[in-house]
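Peer 1: Quick mapping for you: the protein sequence lines, in order, are chains A and B.
Take the first sequence: its letter number 23 is residue 23 in the working numbering, and every next letter is one higher.
Counting the second sequence from 1 gives a position; the working numbering is that position plus 1000.
If you are wondering where the hints come from, they were derived from the structure by calculation, not from laboratory data.
One should not assume that every hint holds.
What the hints assert, rightly or not - Calculated pairs, SDA-like style, for lysine to any residue (alpha carbon to alpha carbon, straight line, at most 20 Å):
1. B:K1232 to A:D59
2. B:K1205 to A:R31
3. A:K18 to B:G1174
4. B:K1205 to A:G66
5. B:K1238 to B:E1255
6. A:K71 to B:P1204
7. A:K18 to B:L1175
8. A:K18 to B:A1060
9. A:K18 to B:Y1378
10. B:K1205 to A:S38
11. B:K1205 to A:I34
Residue-level listing of the chains:
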Amino acid sequence: MLDKLLIIINTVLSNRGKNPISAITENSHLRNDIGFDSLDLAELTVRIEAAYDVDIFEDGIVNTIGEILQKIEK
Amino acid sequence: MELFYRDAVGKSEIYWETLIDDLNQSNFYNAYCKSEDYYTIFKQIILSLLLEESLVLLDADFTDDELLSLTGYADYASFTQPVIRTKYEFIQSKEHLLDCIHTSSTEWKITLFTSGTTGIPKKVTHSFESISRFVKKTTPDKVWGFAYNPTHIAGLQVFFQAFLNGNTIIRLFGLPQQEILREIRNFGITHISATPTFLRLLLPKEGLYPSVMRITSGGEKFDSKTIELLKKIFPNAKITNVYASTEAGTLLAAEDDIFTIKPEIQQQIKIENGELLIHQSLMGDSELNHSEWYATGDLVDIIDTMPVKFRFLSRKNEMINTGGYKVNPTEVEDVIRYISGVSDVRIFSKPNSVLGNIICCEIVKSNPELDETGIRLYLQSKLQEFKIPRVIRFVDGLTTTRTGKIKR
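Produce the complete structure using the sequences and hints provided.
Peer 2: Here it is as structure tokens:
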């Protein structure tokens, strides 16, 4: 699951001309560690929704990879 | 020493004394202002006011192509002129500076660009009167969190509100969430004006920020859930939802999503066929707007008539509002259509929980080697970032409408 999320995250990063990252953990913070801004977070929601059929931001802001996993696994 | 501006992105703190020194030592003036540095932009606006020279504000991320089509130039070095001070010799103090600004400015004009409804962005020019009409007089102890692009109308209005009252400005735009919260706490920010998207992403899980007295938001739908959460974190803040446009600036304010037309402007605002119209006397000077009433393209639902109360429903035209930025799909389609190997394209929006709407794109290609990376690289040189589609799909034929409804 983490690997698949990493691919999605790196797609979003490279779409903005940002460098890909090599690993994520449950504690990785989307904005502080990965460096996502609102445009990136918006794209992330679309890509995760396409892959898992879940809108991760539907009921409030999600900050970490662990929180995304919780939403997907629900 | 009173702080004029703090910028954690540019790692600078500018005191009023420094600002005044910089203004006194400015020997050159250029009527075009394009800079990544907010202080450079603020200083240029103040200098233009002192010299009563007009100023054209350009977004820092405009591409050369965009600059050429908007202004006819992509390089502005030749517009630099020596400064001629006629109105004042030397600024002595903050009070003197603000006096000079208040007592001048009849000739002064500022021009900015907004997403046009017909294709390319359009030019809107404001006078000192039209830009400062809604500046409220407050005490100089207010501290403003600056959460907009300074070359857009909302940013300009916050700048004028703060500057004309001698308030401190703290940059929040472009900072990571943790740093924004730290700046609010450390500098005792009292006022924040920001888009709902900015505020949604700002919301911490917990914590109290009692210094904030007022939060103003607008530019897109301000959902009640965000308002509720904001009230918890900022217990002392009065939260206001405003309606503003580049052409008219701030016009209406509400505490929820229902706007009331105040008696003082009721002659200048009307609703026709469900669309909000604004009288030209409330407007800046737009090159595309010469009729008496300006059609905003915003469709409203009238709730009451005495006084008029209404709620915004949607937009009449196809402009996409993404995180408070308005994008004209036709403009983006026109740029993509130029790419060799593209035979057809459609830009549409999809509802998105972060930005309100997200820009998506479907491309029919005639050259099988055309790929997403190539298209993105090309678009980065042609369009401002917020206009570039976040989702690009290659299709055999266009299947969706602009509102994102997929024809199955």
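Peer 1: All hints, please: hold or fail.
Peer 2: Hint-by-hint comparison with the structure:
1. B:K1232 to A:D59: 16 Å, holds
2. B:K1205 to A:R31: 14 Å, holds
3. A:K18 to B:G1174: 16 Å, holds
4. B:K1205 to A:G66: 15 Å, holds
5. B:K1238 to B:E1255: It holds: about 8 Å lies between the C-alpha atoms, which stays within 20 Å.
6. A:K71 to B:P1204: 19 Å, holds
7. A:K18 to B:L1175: 17 Å, holds
8. A:K18 to B:A1060: Holds, at about 19 Å.
9. A:K18 to B:Y1378: Measuring from Cα to Cα gives roughly 16 Å; hence the hint holds.
10. B:K1205 to A:S38: 17 Å, holds
11. B:K1205 to A:I34: 19 Å, holds
In the structure shown, no violation is registered for any of the earlier numbered hints.
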